[in-house]
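K.L.:
Chains as they are written, first to last, in this note's numbering: chain Y, 1 to 312; chain R, 1 to 90.
These are calculated hints, taken from the structure and not from any lab test. All values reported here derive from a predicted model rather than from experimental measurement. Each hint should be verified, as a subset may be incorrect.
Here are the in silico distance ranges between beta carbons for each label pair [to be verified]: (1) K70/R <-> G259/Y: 27 to 37 Å; (2) T27/R <-> R67/Y: 54 to 64 Å; (3) R174/Y <-> D62/R: 51 to 61 Å; (4) R200/Y <-> T27/R: 51 to 61 Å; (5) G91/Y <-> D48/R: 47 to 57 Å; (6) S243/Y <-> V4/R: 25 to 35 Å; (7) V4/R <-> D232/Y: 37 to 47 Å; (8) G37/R <-> I10/Y: 51 to 61 Å.
Chain Y is faced by these chain R residues, among others (derived, beta-carbon under 10 Å) [as the list claims (entries may be wrong)]: (9) R45; (10) I84; (11) P85.
By construction, the Cβ of each residue, glycine as well, lies at the ideal position given by its N, Cα and C atoms.
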Amino acid sequence: MLRPRRLDSILDAVGNTPLLRLRTLERETPGVSLYAKVEFANPGGSVKDRAARQIFLDAIARGELTRDKILIDSTSGNTGVAYSMVGAALGYRVALVMPSNVSQARKDITRAYGTELIFSNPLEGSDGAIRHVREVVADDPDRFYYPDQYSNLSNPRAHYLGTGVEILRDVGDRITHFVAGLGTTGTFVGTTRRLREHHRRVRCVAVEPAEQLHGLEGLKHLASSLVPPIYDPSLVDETRFVSTDDGWDMTDRLTAEDGLFLGHSAGANVFAALSIGRELAARGETGCIVTVLCDRGDRYFAPMRWEKRYLW
Amino acid sequence: MSIVVRIPTQLRTLTQNQEEVTASGDTVRALVDDLGGRFPGLRERIVDDKGIRRFINVFLNDEDVRFLDKLDTAVKAGDVVSLIPAVAGG
Numbered sequence: 001m002l003r004p005r006r007l008d009s010i011l012d013a014v015g016n017t018p019l020l021r022l023r024t025l026e027r028e029t030p031g032v033s034l035y036a037k038v039e040f041a042n043p044g045g046s047v048k049d050r051a052a053r054q055i056f057l058d059a060i061a062r063g064e065l066t067r068d069k070i071l072i073d074s075t076s077g078n079t080g081v082a083y084s085m086v087g088a089a090l091g092y093r094v095a096l097v098m099p100s101n102v103s104q105a106r107k108d109i110t111r112a113y114g115t116e117l118i119f120s121n122p123l124e125g126s127d128g129a130i131r132h133v134r135e136v137v138a139d140d141p142d143r144f145y146y147p148d149q150y151s152n153l154s155n156p157r158a159h160y161l162g163t164g165v166e167i168l169r170d171v172g173d174r175i176t177h178f179v180a181g182l183g184t185t186g187t188f189v190g191t192t193r194r195l196r197e198h199h200r201r202v203r204c205v206a207v208e209p210a211e212q213l214h215g216l217e218g219l220k221h222l223a224s225s226l227v228p229p230i231y232d233p234s235l236v237d238e239t240r241f242v243s244t245d246d247g248w249d250m251t252d253r254l255t256a257e258d259g260l261f262l263g264h265s266a267g268a269n270v271f272a273a274l275s276i277g278r279e280l281a282a283r284g285e286t287g288c289i290v291t292v293l294c295d296r297g298d299r300y301f302a303p304m305r306w307e308k309r310y311l312w
Numbered sequence: 001m002s003i004v005v006r007i008p009t010q011l012r013t014l015t016q017n018q019e020e021v022t023a024s025g026d027t028v029r030a031l032v033d034d035l036g037g038r039f040p041g042l043r044e045r046i047v048d049d050k051g052i053r054r055f056i057n058v059f060l061n062d063e064d065v066r067f068l069d070k071l072d073t074a075v076k077a078g079d080v081v082s083l084i085p086a087v088a089g090g
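With the hints as extra help, turn the sequences into a complete structure.
P.N.:
Here it is as structure tokens:
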């Protein structure tokens with residue numbers, strides 16, 4: 001690992017993640033190399049640590065987040081864990097609105113940091129959580145700082161300053177494709193903006209669930225969702241639509257064949273990257289594809305029989 | 001018997017934007033079949049040839065029917081069935 005051994009703060013461990021070569025999959029893509037950013041190596045366990053740290057630091061620097069305020073946002077989970085970790089490390093209070101059907105692990109982890117949880121209607125999904133947090137903030141605006149990860153420019157900025165720079169440092173001029181799923185769209189937008197400044201054209205491919213009702217937790221089917229204001233469709237060279245079954249099967253395969261126990265959004269990203277790699281190889285072209293492993297699979301363990309009652 | 005079924009936002013295009021619909025049947029399977037007959041496309045979103053699709057959670061009141069009798073779970077008057085999707089985005 002490229003990380004320094006001594007750190008002053010857990011926040012210094014955010015970013016600068018390893019770039020992992022997926023050699024098992026490369027057997028299907030002769031001439032095309034496949035790499036993945038190991039974002040689960042962030043201290044909060046997901047890619048969302050980058051955005052959360054940047055959002056906190058920028059808001060504090062601008063004087064918008066002060067000690068008397070509670071940072072509140074809506075989240076499907078990983079951003080909540082990241083906010084909770086950063087808030088605890090910096091000494092700020094955090095409250096989260098999440099649909100009540102997010103995994104029990106996510107609820108337990110965020111609460112462990114001292115975060116207050118507010119649950120929204122599970123039938124309304126993450127868009128329902130967005131509408132709910134707006135109501136909570138409107139009722140008591142002086143009490144909260146509401147960064148809104150979906151519209152906050154610090155979110156893509158974290159990837160512009162971090163992820164994109166790291167990828168170019170680690171693969172350099174070889175990169176031909178960048179592949180990333182869309183949730184808040186921060187990872188895709190920020191990284192792609194940095195890659196666009198590179199002297200050679202990099203094809204940037206967005207990944208979305210193929211179906212409106214899907215099981216790729218963390219990814220958004222934009223056509224049927226509130227589209228995040230930070231999303232910039234002009235950066236998208238191509239969108240790949242991945243079915244839940246393909247994403248889940250790839251997730252299982254990476255665990256069994258590569259020892260990578262990942263969340264389903266990472267499986268969808270790798271599925272799309274491998275598909276592109278196969279197509280390049282079939283045409284006899286070479287390439288270097290970089291994608292993102294957003295988080296680990298243990299965030300998604302289904303409830304055990306004895307904890308099957310969900311909190312509504 | 002008429003049972004209330006709560007529909008997630010992603011499927012409301014198939015139910016004329018209704019958040020709740022009523023369905024008839026003694027089991028979850030019968031409810032799903034009944035809904036499929038009245039709302040074309042809805043059944044396929046919930047079940048495939050292996051049963052309830054992997055990423056759809058069907059709740060009878062506050063119990064996941066996976067922990068009950070799956071599609072054969074019995075329903076009775078006053079029960080509420082909810083279709084809960086995975087969580088998207090951020």
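K.L.:
Against this structure, judge whether each hint is valid.
P.N.:
Quick rundown of the hints versus the structure:
{"no.": "1", "hint": "K70/R <-> G259/Y: 27 to 37 Å", "verdict": "holds (32 Å)"}
{"no.": "2", "hint": "T27/R <-> R67/Y: 54 to 64 Å", "verdict": "holds (56 Å)"}
{"no.": "3", "hint": "R174/Y <-> D62/R: 51 to 61 Å", "verdict": "holds (52 Å)"}
{"no.": "4", "hint": "R200/Y <-> T27/R: 51 to 61 Å", "verdict": "holds (60 Å)"}
{"no.": "5", "hint": "G91/Y <-> D48/R: 47 to 57 Å", "verdict": "holds (50 Å)"}
{"no.": "6", "hint": "S243/Y <-> V4/R: 25 to 35 Å", "verdict": "holds (30 Å)"}
{"no.": "7", "hint": "V4/R <-> D232/Y: 37 to 47 Å", "verdict": "holds (42 Å)"}
{"no.": "8", "hint": "G37/R <-> I10/Y: 51 to 61 Å", "verdict": "holds (55 Å)"}
{"no.": "9", "hint": "R45", "verdict": "holds (6 Å)"}
{"no.": "10", "hint": "I84", "verdict": "holds (5 Å)"}
{"no.": "11", "hint": "P85", "verdict": "holds (5 Å)"}
Checked against the numbered hints given earlier, the structure satisfies every one of them.
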